[in-house]
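Please arrange chain C on chain W, whose structure you already have, making use of the hints.
Residue numbers (the numbering used here), protein chains in the order written: chain W, 1 to 113; chain C, 1001 to 1113.
Hints in this document: simulated from the structure, not taken from any laboratory. Hints should not be assumed to be uniformly reliable.
[As the list claims (entries may be wrong)] Chain W is faced by these chain C residues, among others (derived, beta-carbon under 8 Å): (1) Phe-1010; (2) Glu-1052; (3) Tyr-1064.
[What the hints assert, rightly or not] Only pairs whose alpha carbons sit at most 30 Å apart, straight line, appear in this in silico DSBU-like list of lysine-lysine: (4) C/Lys-1070 to C/Lys-1009; (5) C/Lys-1071 to W/Lys-36; (6) W/Lys-108 to W/Lys-51; (7) C/Lys-1071 to C/Lys-1057; (8) C/Lys-1057 to C/Lys-1014; (9) W/Lys-70 to W/Lys-56; (10) W/Lys-70 to C/Lys-1057; (11) W/Lys-108 to C/Lys-1057; (12) W/Lys-36 to W/Lys-108; (13) C/Lys-1014 to W/Lys-70; (14) W/Lys-36 to W/Lys-70; (15) C/Lys-1071 to C/Lys-1009; (16) W/Lys-56 to W/Lys-36; (17) W/Lys-36 to C/Lys-1009; (18) W/Lys-51 to W/Lys-70; (19) C/Lys-1009 to W/Lys-108; (20) W/Lys-36 to W/Lys-51; (21) C/Lys-1009 to C/Lys-1057.
Quick reminder that beta carbons are idealized off the backbone N, C-alpha and C, glycines included.
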Amino acid sequence: GQQVMQIPQYQHVQEGEDFTTYCNSSTTLSNIQWYKQRPGGHPVFLIQLVKSGEVKKQKRLTFQFGEAKKNSSLHITATQTTDVGTYFCAGPSRGGGYQKVTFGTGTKLQVIP
Amino acid sequence: NAGVTQTPKFRVLKTGQSMTLLCAQDMNHEYMYWYRQDPGMGLRLIHYSVGEGTTAKGEVPDGYNVSRLKKQNFLLGLESAAPSQTSVYFCASNLRDPNTEAFFGQGTRLTVV
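Okay, chain W solo, but in the shape it has when bound (with noise of 0.2 Å):
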């Protein structure tokens, strides 16, 4: 089945540093979404990239989408204690006849003031 990896799985910065996580999958992806999950809460939308190449921005977030589509980032620039959190893509794969979301494995990300 479908997999999905990312990396690094911990990251520790200082504040004001730059920080980005990347997402691989083993297949093709129709388009990719990125979470975030606060300590303690739960996974909340961030954005999604549909094309190939496609390169979006929220504030201090850039989100690009690969150009094979099996792949993309999250680049945080100078990073900010509220940025602490796990980072999570996702993306739809087909299992048992139907579509579901597979989410990769999460980047933990802890900024020292």
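What follows is chain C alone, placed relative to chain W:
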């Protein structure tokens, strides 16, 4: 607008006991999912439903059963709880299919002793 509501939020079970987790959404969403989250394992799909009366297995279905008798509710059952089922359980839903934003419940923290 409540969104996705999970009950209970916390539960402690003894090995061999049974219980049902309830997920309710008021957004008229077709797709609903049950995930479990364990440290370092990301979100793993247990079972999902593509509409009222239809369910399918995810990647870790053993030891769990589900039912979707009403469109707004998705129940996750543990017939005979085991310590390996200690986890945080999240319910999620999509409006139409996995290519749309997923909304998550607040989670249920289950401990099996």
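Hint check results:
Nearest Cβ of chain W to the Cβ of C/Phe-1010: about 12 Å, over the 8 Å cut. The hint is violated. For C/Glu-1052, the interface hint is violated, since its Cβ never comes within 8 Å of a Cβ in chain W; the closest pair sits about 14 Å apart. The interface hint given for C/Tyr-1064 is violated, since its Cβ lies 15 Å from the closest Cβ of chain W, which is over the 8 Å cut-off. Among the hinted pairs, C/Lys-1070 with C/Lys-1009 is consistent with the structure: their alpha-carbon atoms are about 21 Å apart, no more than 30 Å.
Distance restraint check for C/Lys-1071 and W/Lys-36: the Cα-Cα separation of roughly 27 Å lies within the 30 Å cut-off, and the hinted pair is therefore satisfied. Using a Cα cut-off of 30 Å, the hinted pair W/Lys-108 and W/Lys-51 holds, with the two alpha carbons roughly 27 Å apart. For the suggested pair C/Lys-1071 and C/Lys-1057, the alpha carbons sit about 18 Å apart, so the restraint of at most 30 Å is met. Restraint check for C/Lys-1057 and C/Lys-1014: satisfied, since their Cα atoms lie roughly 25 Å apart, inside the 30 Å limit.
A hinted pair counts as satisfied when its Cα atoms are at most 30 Å apart, and W/Lys-70 with W/Lys-56 qualifies at roughly 17 Å. This hinted pair checks out: W/Lys-70 and C/Lys-1057 have alpha carbons roughly 24 Å apart, not beyond 30 Å. The suggested pairing of W/Lys-108 with C/Lys-1057 holds, with an alpha-carbon distance near 28 Å, which does not exceed 30 Å. With a C-alpha separation of about 10 Å, the suggested pairing of W/Lys-36 with W/Lys-108 holds against the 30 Å cut-off.
For the proposed pair C/Lys-1014 and W/Lys-70, the alpha carbon gap of about 43 Å is over 30 Å, so the pair is violated. For the given pair, W/Lys-36 sits about 20 Å from W/Lys-70 by alpha-carbon distance, which is consistent with the 30 Å threshold. Between C/Lys-1071 and C/Lys-1009 the CA atoms are separated by roughly 22 Å; this keeps the pair inside 30 Å, and the hint holds. Pair hint W/Lys-56 plus W/Lys-36 holds up; C-alpha atoms about 16 Å apart against a cutoff of 30 Å.
Distance restraint check for W/Lys-36 and C/Lys-1009: the Cα-Cα separation of roughly 20 Å lies within the 30 Å cut-off, and the hinted pair is therefore satisfied. At roughly 12 Å between alpha-carbon atoms, W/Lys-51 and W/Lys-70 fall within 30 Å of each other, so this suggested pair holds. With a CA separation close to 23 Å, the supplied pair C/Lys-1009 and W/Lys-108 stays within the 30 Å bound. Of the supplied pair hints, the one linking W/Lys-36 and W/Lys-51 holds, its CA atoms being roughly 21 Å apart against a limit of 30 Å.
In summary, the hint linking C/Lys-1009 to C/Lys-1057 is supported, as the alpha carbons are separated by about 24 Å, within the 30 Å threshold.
In this structure, the hints that do not hold are numbers 1, 2, 3 and 13, in rising order.
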